[in-house]
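Got two chains here, separate frames each, mind docking them using the hints?
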Amino acid sequence: MSLRSAFAEAAGRSSYWFLHTFRNGGSSLPGKLTLKLDPNILQAFSKKYDLVIVTGTNGKTLTTALSVRVLREKYDQVLTNPTGSNMEQGIVTTFITAPRPKKKGLAVLEVDEANVVKVTKYITPIAFIFTNIFRDQMDRYGEIYTTYQKILNGVKLAPKATIIANGDEQLFNGHHLPNPIIYYGFNHEHKEAFDAPANTDGLLCPKCQHILRYHMRTYANLGDYFCPNCGFKRPKLTYAVTKIDNLTPTSSTFEMDGETYRIGIGGLYNIYNALAAYALGRFLGVSQAQIKDAFESDERVFGRQEVIHIGDKEVTLILVKNPVGLNQVLDMIETDPQPFSFTFLLNANYADGIDTSWIWDGNFEKLVQHQIPQYMTGGERYKDITTRLTMAGVQKMWHEPDLTKVIAKIKQMPTKHVYILATYTAVLQLRKQLAEGGYIKGGMD
Amino acid sequence: MAKYHLRLAHLYGNLLNTYSDLGNIIALRYYGKQMDADIAVDVISINEQFDPDKYDIALFGGGQDYEQLVVSKDLPNKKAAFQKFIDDGKPLLAICGGYQLLGKYYIGAQGEKIPGLGILPHYTLSQDHNRFIGNITIKNESNGQLYHGFENHNGMTFLGKGERPLGKVVSGHGNNGQDQTEGAIWKETYCSYFHGPILTRNGEIAKHLLLTALHHKYLEADLSQAENLVIKPTF
Numbered sequence: 000m001s002l003r004s005a006f007a008e009a010a011g012r013s014s015y016w017f018l019h020t021f022r023n024g025g026s027s028l029p030g031k032l033t034l035k036l037d038p039n040i041l042q043a044f045s046k047k048y049d050l051v052i053v054t055g056t057n058g059k060t061l062t063t064a065l066s067v068r069v070l071r072e073k074y075d076q077v078l079t080n081p082t083g084s085n086m087e088q089g090i091v092t093t094f095i096t097a098p099r100p101k102k103k104g105l106a107v108l109e110v111d112e113a114n115v116v117k118v119t120k121y122i123t124p125i126a127f128i129f130t131n132i133f134r135d136q137m138d139r140y141g142e143i144y145t146t147y148q149k150i151l152n153g154v155k156l157a158p159k160a161t162i163i164a165n166g167d168e169q170l171f172n173g174h175h176l177p178n179p180i181i182y183y184g185f186n187h188e189h190k191e192a193f194d195a196p197a198n199t200d201g202l203l204c205p206k207c208q209h210i211l212r213y214h215m216r217t218y219a220n221l222g223d224y225f226c227p228n229c230g231f232k233r234p235k236l237t238y239a240v241t242k243i244d245n246l247t248p249t250s251s252t253f254e255m256d257g258e259t260y261r262i263g264i265g266g267l268y269n270i271y272n273a274l275a276a277y278a279l280g281r282f283l284g285v286s287q288a289q290i291k292d293a294f295e296s297d298e299r300v301f302g303r304q305e306v307i308h309i310g311d312k313e314v315t316l317i318l319v320k321n322p323v324g325l326n327q328v329l330d331m332i333e334t335d336p337q338p339f340s341f342t343f344l345l346n347a348n349y350a351d352g353i354d355t356s357w358i359w360d361g362n363f364e365k366l367v368q369h370q371i372p373q374y375m376t377g378g379e380r381y382k383d384i385t386t387r388l389t390m391a392g393v394q395k396m397w398h399e400p401d402l403t404k405v406i407a408k409i410k411q412m413p414t415k416h417v418y419i420l421a422t423y424t425a426v427l428q429l430r431k432q433l434a435e436g437g438y439i440k441g442g443m444d
Numbered sequence: 000m001a002k003y004h005l006r007l008a009h010l011y012g013n014l015l016n017t018y019s020d021l022g023n024i025i026a027l028r029y030y031g032k033q034m035d036a037d038i039a040v041d042v043i044s045i046n047e048q049f050d051p052d053k054y055d056i057a058l059f060g061g062g063q064d065y066e067q068l069v070v071s072k073d074l075p076n077k078k079a080a081f082q083k084f085i086d087d088g089k090p091l092l093a094i095c096g097g098y099q100l101l102g103k104y105y106i107g108a109q110g111e112k113i114p115g116l117g118i119l120p121h122y123t124l125s126q127d128h129n130r131f132i133g134n135i136t137i138k139n140e141s142n143g144q145l146y147h148g149f150e151n152h153n154g155m156t157f158l159g160k161g162e163r164p165l166g167k168v169v170s171g172h173g174n175n176g177q178d179q180t181e182g183a184i185w186k187e188t189y190c191s192y193f194h195g196p197i198l199t200r201n202g203e204i205a206k207h208l209l210l211t212a213l214h215h216k217y218l219e220a221d222l223s224q225a226e227n228l229v230i231k232p233t234f
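Residue numbers (numbering that gives the first Met the number 0), protein chains in the order written: chain A, 0 to 444; chain B, 0 to 234.
Next up, chain B with everything else stripped away, as it sits in the complex (with noise of 0.2 Å):
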C-alpha cells in the first residue's frame, strides 16, 4: 500500500487516445510508485461530469479529426470545471488536440474554425496540405533539461500573453514551424506536440507533475524522498 494517493481524470479518454497517450498514465504510474503514490485513473467523457475538486492531476490527449470535433461540442459543459482546475494550480497535460482545445481556437479539417476552452490564449491555424512530422528536441529554457519527443500535427499553434513554451526547438518544427518553440506552460498547465509519449521519454517532466499534485493534495508532508528521486534516461 502507497503512503500517497493521487487521483487521475482521463479526460476524453475514450475519445482522445490516438496518439498512445495510455503510456503517459503508464509513466506516471511508474515514477509515482518510486514516489511511493499510486495513482486511480477514471476516464471522463462526453454527458459526464467533471468534477475538479475530486481530483489531484489531469490528462487531455490528442485524436483523430472527427473525435476531437464530437469534444469541442461537449466542452462548454466542462469549462468551468476546467477553469477551476486549472486556476487551482492543479497539474494538467495537455497533448496535440487537447493542448489546441485548450486555446481560443483551432481551424478544422475542413477549413471551419472551431472554439475551443479559451482557458489559455494561444490559438492554432492550419497548413495547407502539410504537416509537421519526425523526431523533434527541444530545450527547457528555464531548467536547461533537454526534452526528446516525435511530432505529427498540421496545427500551426501560436502562444498568447502569458504562456511561455515548453521548450525552444533545437531540432524539429515546434509549435508552427516559424518561432522555434514548442508548447506551453500556463500556471501548472502543460502542454505539448509530443508523441513519445511525452513522458515515458522525458521523465522530468513526469516528475514535476507528480510532484505538484502531491505538494498541493498533502500540504504538510516531507516530501523530500519524492524530490529527491533520480529520473534514468530512457532515450
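One chain only, chain A, in its complex shape (with noise of 0.2 Å):
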C-alpha cells in the first residue's frame, strides 16, 4: 500500500469511527473523504481480497446476504457491504472500515450496475453474479440494453472472472464475451411452445429481431426462452431448481439438481436469488449439505419481509418499486392461505421514481379475484393507485393519504394478515411511524 493510500484510508477510518459514534451513521462520507484523498484507493485492496461482485437489476441485496452465509460455511471471514451501500463511496467504506484480513480475504460485494466500472478498474474480481435486468425507474436508469452495456463495461476489464449469470435472462446471452460463463436457471418444466403476454419487456432476439417463444416462463421474460426464427435459445445451465415443491409468503420449498432447499421467505424471484447463491457457491467448492445448512440454520436474512404486530394484525411491509418486482409481490401475497387485507401506499418522490406510470403494468386484476375483504390506498399520490384498482375492479376501498393515520386504520381491518405495499419513501415514512408507535425498533433495516 502507498503512503499515500494509507494515509486516505485511516483518515477515512477515523472519520467513520466519529460518524458511527458520534453520529449514529456514516456509509459513505468516509468512503468520499478517502475517495477524495486517494481516487486509486481500492487498487490498495486488490491484493488484500479476492472479490466477487454481485450485479444486476433485482436481487442484489438478497443474493448477496445469502452468497455471504453460503461462503461461511467454508470461509473464515466473507467481507460484504451492507444494504445500499453498493456506489464507489459505500464500498470504500466497506473495505476501509473491516478488519484487517490476516491472510487473504473473500469479499462478496453487492455492486450498482452503473458503478461495477468503478470497482473493477482497481480490482479484477475472481467472478461475476448476474442477476437479471429489467426495467427500473426509467426517469433515473435507461433501458434496460444500456443497463447491461454499462455492466459490460466493467466485465470488459476483467476478461478472465468468471461469469455467473441467470441463464433464463436473454440479455446475458447475447454478446460474446471472452469469460468463462457459468449459468444458472429454472429446469422444472417444459410445456409446447408459447409466446409470453404482451405487456412483457425484453422479447426480442438479440440474434435475428424476432419475437422470442417459451417453453417455461418463471416471470416477466425469463424463462426456457427460443427464437422461432433463427433458433437462438436458452444456453445450457450448469445449475437449476428442478422442482418447486410448496410456495407460502413467508417460505419457500424447491429442488436444486435433486437435492430439497427450504427458504423461509415467499416469492419466486427470491427462489432466483438462492439459486444465485448456490451456484457461487458450488463453483467456489461448497457442498449442498453446507449449503442446505446456510439456508436454513438462520432466517434473520430475510429480514425485508418481516411480520410486523400491530395490534391483533400480522402486518408484511413490502417495498415495491419497479413492474417485475411488483407483480412478483402480488404473485406472492396469493400464495397466502388465509384471507388477507390489501394496502398500497404510493408515493412519487425521486426515491421512489417521479413517474408513477408503472402502476398500470401490475397485474391488480389477478390479484382482484381473490375475496379481499378490505382494500386502502395511501401516500401522497393515492388518486393514482386508487384509479388502478378502481379500474382493476375494486369497488370500496379506503383512502388514507396521510400516513401518520395509516397505523389506525390498519387495526380496524377485518383480517388478521394485511400486506402493505409501499415505495421507498412511503416505507421510510411508515416505518418512522412504526418505530415511535413501539411497533419496531430503529428505522430501515
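Certain hints may be false.
Heads up, simulated BS3-like pairs for lysine-lysine below, C-alpha to C-alpha not over 25 Å straight-line [claimed, not checked]:
1) A:Lys159 to A:Lys73
2) A:Lys365 to B:Lys32
3) B:Lys72 to A:Lys206
4) B:Lys77 to A:Lys206
5) A:Lys382 to B:Lys138
6) A:Lys312 to A:Lys232
7) A:Lys206 to B:Lys112
8) A:Lys232 to B:Lys72
9) A:Lys102 to A:Lys47
10) B:Lys32 to A:Lys395
11) A:Lys235 to A:Lys159
12) B:Lys231 to A:Lys382
13) A:Lys102 to A:Lys46
14) B:Lys83 to B:Lys216
15) B:Lys32 to A:Lys382
16) A:Lys395 to B:Lys231
17) B:Lys186 to B:Lys160
18) B:Lys112 to B:Lys72
Label pairs and their computed distance ranges (CB to CB) [claimed, not checked]:
19) B:Gly107 to A:Pro227: 25 to 31 Å
20) B:Ile230 to A:Gln411: 29 to 35 Å
21) A:Gly83 to B:Gly107: 32 to 38 Å
22) A:Tyr349 to B:Ile230: 28 to 34 Å
Among the chain A residues that face chain B by a calculated CB cut under 7 Å, a handful are [claimed, not checked]:
23) Asp75
24) Val77
25) Ala197
26) Leu202
27) Thr386
FYI, nobody ran anything at the bench for these hints, they're computed from the structure. The beta-carbon is built from N, C-alpha and C at its ideal position, and this holds for glycine as well.
So this is what it looks like as C-alpha cells:
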C-alpha cells in the first residue's frame, strides 16, 4: 500500500469512527473523504481480497446476503457491504472499515450496475453474479440494453473472471464475451411452445430481432426461451431448480439438482436469489449439505419481509419499486392460504421514481379475483393508485393520504393478515411511525 | 353481454410497451363498459398483417430505442394499412415512439435519421444529453379541457401543416420545449408524449376515442347514453 493510500485509509477510518460513534451513521461519507485523498484507494485492496461482484436490477441484496452465508460455511471471514452501500463511496467505506485480514480475504459485494466499472478498474474480481436486467424507474435509470452495457463496460476490464449468470435472462446470452460463463436457471417444467404476455419487456431475439417464444416462463421475460426464426435458445444450465414443492408468502421449498432446499421467504424471485448463491457456492467448492445448512440455519437474512405486529394484526410491509418486482409481490401474496387485507402506499419522490405510470403494469386484475375484504390506498399519490385499483374492479376502498393515520386504520381491518405494499419513501415514513409507536425498533434495516 | 363490440388493434404491443401503455387499454375497457361496449384486443406485431377494416380503434405505444428501431424497419409493410385506418377517420392513439413513427422521421440514439411512416407531417429531432422529464399539464384550446400527464422524452417534435396540437403547455415542456405545443391531432389520430398513462388520468380523451369508434361502427345507433357519460376526475 502506498503512503498516500495508507494516509487516505486512515483518514477514512477515523471519520467512520467519529460518525459511527457520535452521529449514529456514516456509510458513504468516509468513502467519499478517502476517495478525495486517494482516488485510487481501491487498488490498495486488490491484493488483500478475492472479490465477487453481484450486480443486476433486482435481487442484488438478498443474493449477496445468501452468498455470504453460503461462503461462510467454508471461509472464515467473508467481507460484504451493508444494504444500499453499493456505489463506489459505500464500497470504499466497506473496505477501509473492515478488520484487516491476516491472509487473503474473500469479499462479496453488491455493486450498482453503473458502478461495476468503477470497482473493476482497480480490483479484478474472480467472479461476477448477474441476477437479471429489468426496467427500473426509467426517469432515473435507462433502458435495459443501456443498463447491461454499463455492466459489460466493467466486465471488459476483467476478461478472465467467471460470470455466473441467470441463464433464463436472454440478454446474458446475447454478447460474445471472452470470460468463462456458468449459467443457472429453472428447469422444473417443459411445455408446448407458447408466447409471453404482450406486456412483457425484452422479448426480442438478440440475434435476429424476432419475437422469442417459450417452453417455460417463470416471470417477466425469464424462462426457457427460444427464437422460432433463427434457433437462438437458452444455453445449457450448469445449476438448476429442478422442482418446486411448495410456495407460501413466508417460505419456499424446492429442489436444486435433485436436493431439497427450504428458504424462509416467499416469492419465486427469491428462489432465483437462492439459486444464484447456490451456483456461486458450488463454483467455489461449498458442498450441497453446507449450502442447505446455510439456507436453513438462520432466517434473519430474509429481514426485508419481516412480519410486524400491530394490535392483533400480522402486517407484512413490502417495498415495491418497479413493475416486475410488483408483479412478483402480487403473485407471492396470492399464495397466502389465510384471508388478508391489502394496502398500497404510493409516493412519487425522487427515490420512489417520480413517474407513477409503472403501477399500470401491475397485474391487479388478478389480485381482484381473490375475495379481499378490505383495500386501502395511501401516500402522496393515493389518487393514482386508487384509480388503478378502481379500474381493476375494486368497488370500495379506504383512502388515507396522511401516513401518520395509516397505523390506526390498519388496526380496524377485518383480517388478521394485512399486506402493505409501499414505495421507498413511503416505507421510510411508515417505519418512522411504527418505530415511534413502539411496533418496531429503529428505522430501515 | 355488452350491446356494442369494438375491436382494438394494439400495434406492436409486445415491443412498444415500455411506458405502461397497457393502462390505456385498461382505461378504454373501463369507460367502454360504462358505455355498454366491450373491447377485444389483438396485438399486431412485426411480420404480422394489420387489416385496417377489421379494427375500430388502434393503439400505437412507445418503446425503448432498440425496439423502436426494430419496429421502424417493419413499418413499410404496414404503411398502406395505417394510411387507410387513419384516412377512414378511425380513432388511433399514438404515444411517444408511436407518435414519432407516424411522422416523417426521428433521430435515433446514435444520431442516425430513422424514417417514420410519413403519414402525419411532423418530424422529430433529438436533444444532446438531455431529456424532458417531469409532470406536465396542457390545455386543449378547442374545448378548454386540462390534461395531466408525465413526460420523459429526448425527442423534440415539430408539427407540420394541417396538424394541431393536443393542447397548449400550461406547465412542463411539451413537444419540443419551444413552441408550447404538446401532442398532435390529425383527423381522428391523437398523438402525445404523455405517460400517466394518458387515458387513465384524462378520461375525456378516452370517452372521445370510444365515441368516435362507436359512431363509426354503429351508424344508426342512438348513442346518447354513451355521449352523456360523466367522467369523474381521477387526478
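Against the structure, the hints:
1. A:Lys159 to A:Lys73: This hinted pair holds, its Cα atoms lying about 23 Å apart.
2. A:Lys365 to B:Lys32: Holds, at roughly 19 Å.
3. B:Lys72 to A:Lys206: Holds - the C-alpha atoms of A:Lys206 and B:Lys72 are around 16 Å apart, at most 25 Å.
4. B:Lys77 to A:Lys206: At roughly 23 Å apart (the allowed maximum being 25 Å), A:Lys206 and B:Lys77 satisfy the hint.
5. A:Lys382 to B:Lys138: holds (21 Å)
6. A:Lys312 to A:Lys232: Since the Cα atoms of A:Lys312 and A:Lys232 sit roughly 47 Å apart, the hinted pair is violated (cutoff 25 Å).
7. A:Lys206 to B:Lys112: It holds: about 23 Å lies between the C-alpha atoms, which stays within 25 Å.
8. A:Lys232 to B:Lys72: holds (24 Å)
9. A:Lys102 to A:Lys47: holds (7 Å)
10. B:Lys32 to A:Lys395: holds (18 Å)
11. A:Lys235 to A:Lys159: holds (20 Å)
12. B:Lys231 to A:Lys382: holds (12 Å)
13. A:Lys102 to A:Lys46: holds (10 Å)
14. B:Lys83 to B:Lys216: holds (15 Å)
15. B:Lys32 to A:Lys382: holds (21 Å)
16. A:Lys395 to B:Lys231: holds (16 Å)
17. B:Lys186 to B:Lys160: holds (13 Å)
18. B:Lys112 to B:Lys72: holds (13 Å)
19. B:Gly107 to A:Pro227: 25 to 31 Å: Given about 27 Å between the Cβ atoms, the range holds.
20. B:Ile230 to A:Gln411: 29 to 35 Å: Holds, at about 32 Å.
21. A:Gly83 to B:Gly107: 32 to 38 Å: Once the Cβ atoms are compared, 35 Å apart, the range 32 to 38 Å for B:Gly107 and A:Gly83 holds.
22. A:Tyr349 to B:Ile230: 28 to 34 Å: holds (31 Å)
23. Asp75: violated (45 Å)
24. Val77: violated (37 Å)
25. Ala197: holds (4 Å)
26. Leu202: holds (6 Å)
27. Thr386: holds (4 Å)
In this structure, the hints that do not hold are numbers 6, 23, 24, in rising order.
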